[in-house]
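J.: What follows is each chain in one-letter form.
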Amino acid sequence: MTSPTPTPTQTVQAFLDALTRHDIDGAMALVHPQVAVTVHPFGLQESGTDVLRTVLADLVRAFPDLVIGVSRVITTGDVVTALFKAEGTQAASYAGAINQEKHLDIDQAWRFVTGGGLITGVDAYWCQAQLYRRLAVKRYDEISIA
Amino acid sequence: MTETTQRPRTAESSAAVVTEFFDRYRAHDVDGMTELCSVNADFSYVPVELWGKQRVLRGDGKVGTVGKPLWTGLIASFPNLSNTVHSITSNDDGDVVAQVDIEGTQQLPWGLIAPAGRHYREPHLFIFHVAPDLLIDGITAYWNDAAINQQLGHNEVD
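Same order as they appear, the protein sequences are chains R and V.
Mapping of the first sequence onto this note's numbering: residues 1 to 146, in sequence order.
Mapping of the second sequence onto this note's numbering: residues 1 to 158, in sequence order.
By construction, these hints were calculated from the structure, which means they are not laboratory data.
Predicted, not measured: the structure shown is a model, and the values here were computed from it.
A few of these clues could be false.
Here are the in silico distance ranges between beta carbons for each label pair [to be verified]:
| no. | chain 1 | residue 1 | chain 2 | residue 2 | range |
| --- | --- | --- | --- | --- | --- |
| 1 | V | D133 | R | G26 | 41 to 49 Å |
| 2 | V | P109 | R | R61 | 33 to 41 Å |
| 3 | V | K53 | R | G26 | 38 to 46 Å |
| 4 | V | L135 | R | R61 | 44 to 52 Å |
| 5 | V | T72 | R | V73 | 41 to 49 Å |
| 6 | V | K53 | R | R61 | 56 to 64 Å |
| 7 | V | T19 | R | V73 | 39 to 47 Å |
| 8 | R | G43 | V | S82 | 19 to 27 Å |
C-beta atoms are modelled at their ideal positions from N, C-alpha and C, and glycine is treated no differently.
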């Protein structure tokens, strides 16, 4: 007997739960191999699991005490939008910003498209100005200079 | 006795309200945008955050007291302000999620950004809630303000 296909909400909730546990493999197990990935703050628009895996792994590597606090999960058909706050203390360079051991708290919105129990598309939104402000970056054209 | 007919709130009718909202925004009809919202509609423009020496100002509050002044000021600073709606998804509970590009050419100061006649275009994600009376009672928006600053030639992280 086969288990029923998870709902869009269940699929995304499982992804978020895995990310909360820093379980990148667990999160990526819920992603379609040809997932469309757009990370607006990075100007990134590609497809495939490698790029999303890198985005998640970089975040966990740079902020080892990362906490993902989900405030809302909104399901509109096959689209699930998650609103959450990412918090952590910088322990390695991130997005070009050198490590100054600053604390980060950034509100984000991730819009997931689902199909067949997998995530087939991700659009991530957050404000890089808020991120750089918290990491003590002074200029956008000199991000790695503290 | 006058009998009024009220459309029921469905995914479709909620999406139509939001479509009308962006039509009015494109027409710079701020009063019309506000009329689509309940009198105490919640408002949160998450990236709006100004750090001062003794305070931090945020774009949180109500449509009438925070949203309307922000929309009015944005249109004044970017007289050709426009929007392109890429997707709208909704459900029967009144939740509406819209992917929208906002763009404009700066003619007046905006926040700490001096006008240099530059143009910006930036993807935004809007999350609306439409109440059973088909008035918007919540607006939240996310975007990357760093990209707007850079497009306008402002490289300081304020």
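J.: Now, for every hint given, state plainly whether the structure supports it.
T.: Status of the hints after comparison with the structure:
Range check, V/D133 to R/G26: about 43 Å between beta-carbon atoms, so the 41 to 49 Å window is met. A beta carbon spacing of about 40 Å between V/P109 and R/R61 agrees with the range 33 to 41 Å that was offered as a hint. Range check, V/K53 to R/G26: about 44 Å between beta-carbon atoms, so the 38 to 46 Å window is met. A hinted range of 44 to 52 Å holds for the C-beta pair V/L135 and R/R61, which are about 45 Å apart.
Judged by the Cβ atoms, the range 41 to 49 Å given for V/T72 and R/V73 is violated: they are separated by roughly 33 Å. Taking 56 to 64 Å as the suggested C-beta distance range, the pair V/K53 and R/R61 does not conform, at roughly 34 Å. For V/T19 and R/V73, the Cβ-Cβ distance of about 24 Å falls outside the hinted range of 39 to 47 Å, so the restraint is violated. With their beta carbons about 21 Å apart, R/G43 and V/S82 fall inside the hinted range of 19 to 27 Å.
Hint check: violations occur at hints 5, 6, 7; the rest are consistent with the structure.
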